[in-house]
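K.L.:
Okay, here's what each chain looks like letter by letter:
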Amino acid sequence: MGKRLKASRWNLRTRQERIILSVIFVIFVVYAATLIYPFIWTAYNSLKNTREFNRDQFALPAVLQWENYEKAFSVRVGNTNIVGALINSVWMTVGSVVFSLAVTSLTAYVVARYKFPGATLVYSISVFIQTIPLVGTMPANYELLHMTLGIANKPLLWWLTWTGGFGFSFLMLYSAFKNLSWNYAEAAFIDGASHFRVYAKIMLPMVKPILVAMAVVNAISAWNDYMTSYMYMTDYPTLALAVYSLSSQASRIGIPVYFAIIMLTVIPTLIVFALFQETIMQNMTTGGLKG
Amino acid sequence: MTSKEKRVRLPSQKRRRELLFVGLALFWPIMQFIVFWVVPNFNSIVMAFRVPDGETFTIVNFQRFFHELQQPNSPIIPSFWNSIILFVVNIFVQFPLVILLTYVLFKKVYGHKFFRVIFYTPAILGASVTTALYRYLISANGPVEHMLDWMGVEYSKQLGLLGNPETVFLMIVLYGFWTGVGTNMIMILGAMNRVPDEIFDSARIDGVGFWRELFQIILPMIWPTLTTLIIFSMTGIFTNSAATMLLAPDAPEASTIGWYITRFTMSAGSGLTGEILNYPAAVGLIFTAISFPLIMFTKWLCDKITNTVEY
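Chains A and B, in that order, give the protein sequences. Residue 0 is where the first sequence starts when you use numbering that gives the first Met the number 0, and the numbers rise one by one after that. Residue 0 is where the second sequence starts when you use numbering that gives the first Met the number 0, and the numbers rise one by one after that.
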C-alpha cells in the first residue's frame, strides 16, 4: 500500500523534477556518508590498541579493547578525571534545564495570558534582545561573574544564571500558551482554584509536548556546552570541554582512548535524541519559529 | 446599596489578586534579567570608556584600537575579514543551498526522513565533538588526504591542512559548511510544511514546475522565517568564535573578531598578562556599532520585501 503510494508520487513528477531529485539524492547520500563515516570510524577505532591504530586507521580492530573505556575514565582533565567531568556534565545539564524551564514557562504563561501594564513591552523586549548583536558583553560578563558577584566556580550559586525567563524557550512557550483555549481555566477559576493552581494543574500540562521538546533541545545544548566551563566554571570541566582540552594531548593519552572519551560524550545525547527525535522534529517544524 | 458596593469591589479584588500573581511570577525573571543582562550590557559600555582604577571618562581604549589597526601585523584586520568571509559564505552560498536541499526534502525525496535526522546530527553532537571528528578527517593520513591524493590534488603535506597558514582558514570555512546544514534546514522545513496544501494543488493543476514552485510560491510564503534566520545569522557575525577556538586557536590566519575578543578577555581576566578587560569591551562596542545599523537596515529591507510579496 505504502509502496504503491510512493510509486504513484514518483510517477506524478515531471521528467525535469525527477532528474533534479535524482541528482540531489546522490548529493544527499554523499553528504550523509561524510557525517556517518567519521562517527563509525571513531567508534571502532576507540576499540583498538594504539599500535594497531597507528598501523592501520581503516582496518577493523582485531580484538575489541574494551579496557580503553576503563582507561578513559581515569584520564585527568583539569583537577578531576573523566568520571568527574561526566558528573559535572550531568548536574549542569539537569540543573540548567530544570531551573530555566521552571522560570521560563511561568514567565511565558503570565506574559501570554494576563493583561497587565507593560505586558506587550516585556514581550517586545524579549524579541528585541534576540536580534541585537552584542559583541562586547563578554568582558563585562567576565567581570560580573568572576569579580563583582563572584559566582564563577561556585556550583551552589551558579544556578542563578540559569533562572532567566526570557530566552529562546520563552518565545516558543509564549506562542504555545497564547494559542491555548481559556475554557478549562475559566471553569477552574469558577470552582475557586488559585492562579498558580490553574497554571500548574491545567495550563502547563497542555503545553507538555513543547515543554518536552524544549527540555530535550536545552539539555542537548547544555550537555554540549564547553564555553561555560571554559570561561566561568574552570574547576568543573564538563565532558564537552574535556573533548576539547584533551584534543592536543590525544597522542599522549592514546588516540583510541581519546576516541573512547568522545564516544562517552556523544552516546547519552544520541540516546536522548533517538528517543525524542520525533517530538523534537514535530515541534521544531510545525509549531516552530514564526517570522 | 451594599450589593452595589459588593459588585464594584469584587472585580477589583479579583484584579488585585491577578496582579499579585503576575507580580510574584515576574519578580524573579525581571530581577534576573536586570542583574545578568541589563547590568553587564550597560557596564560593557561604561567599561569601554574607562581604564581600571581610573574614575574618569577616557577614550584611550578606542585610541589603542585605531592605533593597533595601523600596525602592519595587526590581528584585527585579518580577524575582521575572516568574520566577514564566514558571514558572506554562510548567507550567500550556504543559505541558498540549504533552502534548495530543504525544498528537495520537502518534496519527500526517497529516504527524506532518514536524511532529515542525519543532517541534524552535527547539532546534536555539539561543536567540541564535531571539531574533534573533523580534525581526524583532515589529519595526516586521514580520509581527506587519501581522497585528495586519489584526485591528484597537489598541496604541501608537511604542516597538515590545519597547520598550514594557507589552508587553515579554508578548513574552517569548510567545517562550517559541513556541519551547518541541519539547524537551518529544520527551521526552513517547518516553514515549508506550514504552507497550505491547497496552494500546491492548484499550482500543480496550473502546471507550475519545480523551480517556479520554489521561487514563486515557496520562497514568498516562507520569507518571514527566512528573514528571522538571516537576522539571527547577522547577530553572530562578530561573535562567532567556536570553529576557530576549537580547530585553530593559535593561527592568526584563522582568527575572527569573536575569537579575538574571547581570547583577549580570557588573558586579561586571568590577571597574568597585565592586560585589561576594558580594551576588549571597547573593541566589542565598536563592532556592535558597526553591525547594529546593518541589522536594522537588513530587517527593514526584509520587511519591505515581505510587504511587496503580500499573498
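The reader is advised that the hints may include incorrect statements.
[Unchecked claim] Derived DEER-like restraints, expressed as beta-carbon distance ranges:
1) B:ARG193 - A:PHE167: 18 to 24 Å
2) A:THR233 - B:PRO95: 25 to 31 Å
3) B:MET30 - A:GLY94: 27 to 33 Å
4) B:ASP52 - A:ARG50: 53 to 59 Å
Bear in mind the hints are in silico, worked out from the structure with no lab data behind them. Values in this document were obtained by computation on a predicted structure and should not be read as measured data. Cβ coordinates follow ideal geometry from the N, Cα and C atoms, glycine included.
K.L.:
If a hint holds in the structure, say so; if it doesn't, say that too.
P.N.:
For each hint, the structure was consulted:
Between ARG193 (chain B) and PHE167 (chain A), the C-beta spacing of about 19 Å keeps the proposed range 18 to 24 Å intact. A hinted range of 25 to 31 Å is violated for the C-beta pair THR233 (chain A) and PRO95 (chain B), which are about 41 Å apart. Taken as a hint, the range 27 to 33 Å is violated for the pair MET30 (chain B) and GLY94 (chain A), whose Cβ atoms sit roughly 19 Å apart. Separation of ASP52 (chain B) from ARG50 (chain A) is about 58 Å and conforms to the stated range, judged on CB atoms against 53 to 59 Å.
Checked against the numbered hints given earlier, the structure breaks hints 2, 3 and satisfies all the rest.
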